[in-house]
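**Q** Sequence:
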Amino acid sequence: MLKHLIDFFARTTSPTAPTIEIAWKDILKPKPQRIMLQPARRVTIWKTDEPATKSRQKPAEPCLNMMFKFEHDGQEILIKTRRNLEQNLLGEAFPKITHLIRKKVHRDRQDFIDSPFCMQMSPESSKFLTENSKVVDFLEDERIQAVLVNGEEFRIVRDGLPVQGVSLGLRLLVGLYCMPTVTFNTKNTPIKLHWFVKNENVDRNEEQPMKNKKNVDSPVVRIAKEEENGKFSVEGFSFKSQGAYFIPEAQYLDRKVAVLVDTGEDHPVYASISSKPISEAPEEIITDEQVEWCRRNKLEENPNVLRVLTYNIQADLYLNLNLEQSELFFNYCPKAHQSVVYRTPLLLKQISDFIQKSDVSIMFLQEVDVSRHENFLEPFLKTLDFSSVLSKKLHTINEGVAIVFDAKRFRLVDSEGFGLAKLAEEEEENEDVRRILASSELAKERFMSRPTVVQ
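For the sequence shown, the UniProt record's numbering begins at 1 and goes up steadily by one.
Warning: the hint list may mix true and false statements.
Using 20 Å as the maximum straight-line C-alpha spacing, the simulated EDC-like pairs for lysine to aspartate or glutamate come out as follows [as the list claims (entries may be wrong)]:
id, residue 1, residue 2
1, Lys408, Asp359
2, Lys349, Glu284
3, Lys382, Asp262
Treat the hints as calculated values from the structure; they're not laboratory data. No experiment lies behind these values; they were computed from the predicted model shown.
Work the whole structure out from these sequences, hints included.
**A** Below, the structure written as C-alpha cells:
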C-alpha cells in the first residue's frame with residue numbers, strides 16, 4: 001500500500017513539460033464581457049437596506065450602491081461598490097473607491113502611488129459639498145450631477161437599476177411566439193427587446209439536455225453598442241427584430257437565439273442566450289379544431305353579440321416532472337411536452353388564434369400561474385390590445401383565475417376575488433351549503449381548506 005502511495009505522489013508532483021506552449025498574452029487576454037452592458041460615462045447609484053458587508057451576522061443598514069465602467073488598455077473595467085450612508089464622502093468613501101479602481105488596473109501596488117486612476121468630484125458639483133459631507137448628501141442632493149473618473153466626467157444616474165436581468169428559458173419552436181422572462185426592480189418600466197439569431201447551427205449531438213425551466217443562458221456573451229447609431233450587436237449573432245416577442249422561422253432551425261433588454265441610454269443592457277436551439281413545432285395544436293369552427297361560424301355583425309371562452313391552462317406547480325414517465329399524472333403525454341417551457345409558446349399561439357381568428361372577446365382562464373401571467377400572458381395580451389386581471393388562490397398557492405378581455409370594447413371598473421370557503425361560511429344566503437357541510441366533518445374540512453377563489 002505504501003509503495004502505491006509513493007508512486008502516486010511521485011507521478012502527481014513531478015514537473016512535466018507542458019504539452020502546449022503557453023504565452024503571457026494567452027493568460028492575460030481580455031475576458032469575455034458578462035451578460036450586462038453598463039452605459040459609458042455614467043455612474044449608477046441607488047439606495048438599499050442591505051448589510052454593508054457580506055456577513056449575515058451584522059444588522060442591515062442603509063447603503064449607497066454604485067456601479068460604473070471605464071476603459072483601460074482596450075478592456076472594459078466594471079466597478080461595483082457599496083458605501084455606508086454615514087461615511088464621510090471626500091475623506092473616506094472616495095479614497096476607498098479610488099483604491100478599488102487602482103486595484104482593478106494595477107497588478108503592482110507600487111504603481112498605486114502616482115496612479116492617475118481615481119474618483120473625484122467634478123468642479124461644478126464640488127460647490128455643493130464640504131469636507132464634512134457624507135455619502136447620504138451625495139445620494140440625495142440632485143444638484144450634484146457629475147463626478148470625475150480618471151479625469152473624465154461621468155454623469156450620475158440616481159434611479160438605480162429598473163431591470164435586474166433577463167432569461168430566455170422558453171422552447172424555441174418554429175412559427176410560435178417566444179418571450180423572455182425579465183426581472184424588474186421597478187415594475188412597469190418601459191423596455192425594448194432586441195432579438196438576434198446565432199450565425200451558425202448548433203450540433204444537436206453536443207447539446208446539453210435541459211434540466212429544468214431555469215436552465216438558461218451561457219454565463220458570458222460579448223455585447224457592444226455602436227456610438228454613432230446607438231445599435232446593439234452580439235458577437236456571433238445577427239440582429240433580426242425588435243419587439244415584445246420573437247417568432248422563429250424555419251430557415252433558422254438548429255440555431256440559438258439571443259435577446260437584449262434595453263431600458264434607455266442611462267441604464268445597463270442585459271442579455272440572454274437560449275439554452276436550446278430553434279426546433280420544429282408540432283403540426284397541430286389541440287385547439288385548432290375549435291379555432292376552425294369559430295372561423296367558419298362567424299359572429300353576427302352586432303356589437304351586443306360576444307364570443308366567450310373558458311379554458312383551464314394547467315398550472316405548472318401541480319406537475320411533478322421528476323417522476324418516471326409511467327408515474328406521471330398525465331402519463332400518456334411525453335414528459336418534455338408537459339414542461340411549462342414547452343407549453344407556454346403553444347398557449348400564446350392558442351390565445352392569439354382565439355383572438356385574431358375566432359373573434360373571442362372575453363376569456364375565463366383557470367390554473368394561471370402567477371409568474372406565467374406576469375412574465376408572458378399579460379405583456380403578450382397587451383400586444384393584441386387585450387387586458388387581463390388575475391385573482392390568486394388563497395394561502396400560498398401561486399396560481400389562480402384570470403379574466404381576459406378586449407380592451408377596445410371593455411374597460412376594467414373593478415375586480416375582486418372571494419375565497420369560496422369564506423363565502424360559504426359568512427354569507428347569509430349560503431345557509432343551505434353550511435347545513436350540507438355540517439352533515440359530514442370530513443366533507444366540511446375538505447371544503448373549508450380549499451384555496452379556491454371566485455372572481
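**Q** So if I understand the rule, the pair passes when the alpha-carbon distance is 20 Å or less; does Lys382 with Asp262 pass?
**A** Holds: Lys382 and Asp262 sit about 19 Å apart, inside 20 Å.
**Q** Could you grab the alpha-carbon distance between Lys349 and Glu284 and see if it respects the 20 Å cut-off?
**A** holds (11 Å)
**Q** When you check the alpha-carbon spacing of Lys408 and Asp359, does it fall within 20 Å?
**A** Given pair Lys408, Asp359 holds - Cα atoms ~13 Å apart, limit 20 Å.
In summary, this structure violates none of the numbered hints.
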